[in-house]
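Here the protein sequences come in this chain order: A and B.
So that you can map any letter, position 103 of the first sequence is 103 in my numbering, and since no number is skipped, the others follow by simple counting.
So that you can map any letter, position 78 of the second sequence is 78 in my numbering, and since no number is skipped, the others follow by simple counting.
Heads up, a few of these hints could be off.
Coverage of chain B stretches by chain A, computed from C-beta distances (three or more under 8 Å per stretch; other residues unrestricted) [stated by the list, open to error]:
hint, stretch
1, 35-45
2, 49-61
3, 104-115
Calculated directly from the structure, the hints in this document are not laboratory data.
Ideal placement from N, C-alpha and C gives every residue a C-beta, glycine not left out.
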Amino acid sequence: GDSVTQMEGPVTLSEEAFLTINCTYTATGYPSLFWYVQYPGEGLQLLLKATKADDKGSNKGFEATYRKETTSFHLEKGSVQVSDSAVYFCALTNTNAGKSTFGDGTTLTVKP
Amino acid sequence: GAGVSQSPRYKVAKRGQDVALRCDPISGHVSLFWYQQALGQGPEFLTYFQNEAQLDKSGLPSDRFFAERPEGSVSTLKIQRTQQEDSAVYLCASSLDGRGTGELFFGEGSRLTVL
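Just chain A, same shape as in the assembly (with noise of 0.2 Å):
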């Protein structure tokens, strides 16, 4: 079946430091291949997404670049805020299957 491995966390950063957390999948077909974000006290929200090989998804500064040919989809933040400080979730969908499929999330707290 389909799977997500994400990094493990937690992640702890200083403010304006470089973010990568490191997504892999598995499935079958093509999925589309999406970024959560889930603040404290809050329910989760699309952070970005990619429907096919190649394409970059973007949002708030962050980036992340579907690879088949690695089946990644690495999340990147250039210089991160205090603001950023959440739980991150990698997910695909396959477009047979309807559901979602979750890896089990990295904790990413950022320090002034």
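Keeping the supplied structure of chain A fixed, place chain B upon it in accordance with the hints.
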């Protein structure tokens, strides 16, 4: 508000009790999903509706779990004879996309604690 609404936000049940969790999706959203999230883990799929039709219930852990969406809008997840292992956050999500492949909009979840 215009987001996905779940109730109750917190529920404490004694082992063996039945519970019902409600989800009010975004108006007009065709797809509705239920997920179970254990502490420190990602959401695990339970079941999926397209309008009133339950298209996939492969993630329901046992026949004690039952979900319905009779009019294609509000959905209820029912857990009968609750067990301690049912303790988790139950997330509801809806999507405008009828195929379930678009962006998911999540509620804040219902946290169930079974004593």
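Quick rundown of the hints versus the structure:
Remark: the stretch 35-45 of chain B is confirmed as covered by chain A, as 7 of its residues place a Cβ nearer than 8 Å to a Cβ of that chain, reaching the required three. With 4 residues carrying a beta carbon less than 8 Å from a beta carbon of chain A, the stretch 49-61 of chain B meets the three-residue requirement, and the given coverage holds. With a threshold of 8 Å between beta carbons, the proposed coverage of the stretch 104-115 of chain B by chain A holds, since 6 of its residues qualify and at least three are required.
Taken one by one, the earlier hints all hold for this structure without exception.
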